[in-house]
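Generate coordinates for the entire structure from the input sequences, incorporating the hints supplied.
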Amino acid sequence: MARRSRRQRLTGIAGGSSSGAAVSVALGMAVAGLGTDTGGSIRIPAAFCRLTGFKPSASRVPMAGTFPLAVSLDSVGALSRSVADCILLDRILTGEQLDTRAAPPGRAAPGGHPGFCPRSG
1 MARRSRRQRL TGIAGGSSSG AAVSVALGMA VAGLGTDTGG SIRIPAAFCR LTGFKPSASR
61 VPMAGTFPLA VSLDSVGALS RSVADCILLD RILTGEQLDT RAAPPGRAAP GGHPGFCPRS
121 G
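Residue numbers (the working numbering): 1 to 121.
Because the hints were derived from the structure by calculation, they are not lab data.
Please note that the accuracy of each hint is not assured.
[Claimed, not checked] Here are the computed distance ranges between Cβ atoms for each label pair:
id, residue 1, residue 2, range
1, 99, 13, 35 to 43 Å
2, 65, 91, 30 to 38 Å
3, 92, 67, 35 to 43 Å
4, 29, 72, 30 to 38 Å
5, 47, 97, 15 to 23 Å
6, 30, 73, 20 to 28 Å
7, 96, 13, 28 to 36 Å
8, 29, 93, 19 to 27 Å
9, 47, 72, 38 to 46 Å
10, 71, 99, 12 to 20 Å
11, 28, 68, 30 to 38 Å
12, 70, 93, 13 to 21 Å
13, 70, 31, 17 to 25 Å
Being a predicted model, the structure only gives us computed values, none of them experimental.
All C-beta atoms, glycine included, are put in the ideal place defined by N, C-alpha and C.
So this is what it looks like as structure tokens:
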């Protein structure tokens, strides 16, 4: 993908209620963002900003502190530059145990984050 200038990145719309999170990641102000999604509020801004958006199944991530629109459909999810980063953030949000040792030589950590390797098994 061709690198776009800052001016090009600032034109257009980001769409959806999680657009602030998407714009902050797209402009490099954050590594990842959080959003809530009922009908596309994570996925649409991610697509408009050329990011990865992940809407987990309802109730996978605790909804404490959110104001649900539709309890059976709402979920908290991640927006980031890669699937690997979304997976890592999902594991953190769900409380999955992570191995915080550095990745072994020759094995890249998810999302290129040294020191965070998901435990296997």
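Here is what the structure says about each hint:
1. 99 / 13: 35 to 43 Å: With a Cβ separation near 40 Å, residue 99 and residue 13 satisfy 35 to 43 Å, so the hint holds.
2. 65 / 91: 30 to 38 Å: 19 Å Cβ-Cβ, so the 30 to 38 Å window is violated.
3. 92 / 67: 35 to 43 Å: The hinted range 35 to 43 Å is violated for residue 92 and residue 67, with Cβ atoms some 22 Å apart.
4. 29 / 72: 30 to 38 Å: At 33 Å between Cβs, range holds.
5. 47 / 97: 15 to 23 Å: Hint violated: Cβ distance 31 Å, outside 15 to 23 Å.
6. 30 / 73: 20 to 28 Å: holds, 26 Å
7. 96 / 13: 28 to 36 Å: holds, 34 Å
8. 29 / 93: 19 to 27 Å: The hinted range 19 to 27 Å holds for residue 29 and residue 93, with Cβ atoms some 20 Å apart.
9. 47 / 72: 38 to 46 Å: Taking Cβ atoms as reference, residue 47 and residue 72 lie about 24 Å apart, which means the hint is violated.
10. 71 / 99: 12 to 20 Å: Violated, since residue 71 and residue 99 (Cβ atoms, about 34 Å apart) do not stay within the stated range.
11. 28 / 68: 30 to 38 Å: Since residue 28 and residue 68 have Cβ atoms about 31 Å apart, the given range 30 to 38 Å holds.
12. 70 / 93: 13 to 21 Å: holds, 20 Å
13. 70 / 31: 17 to 25 Å: Given a distance of about 29 Å, which is not inside 17 to 25 Å, the answer is violated.
Comparing the model with each earlier hint shows violations of hints 2, 3, 5, 9, 10 and 13; every other hint is respected.
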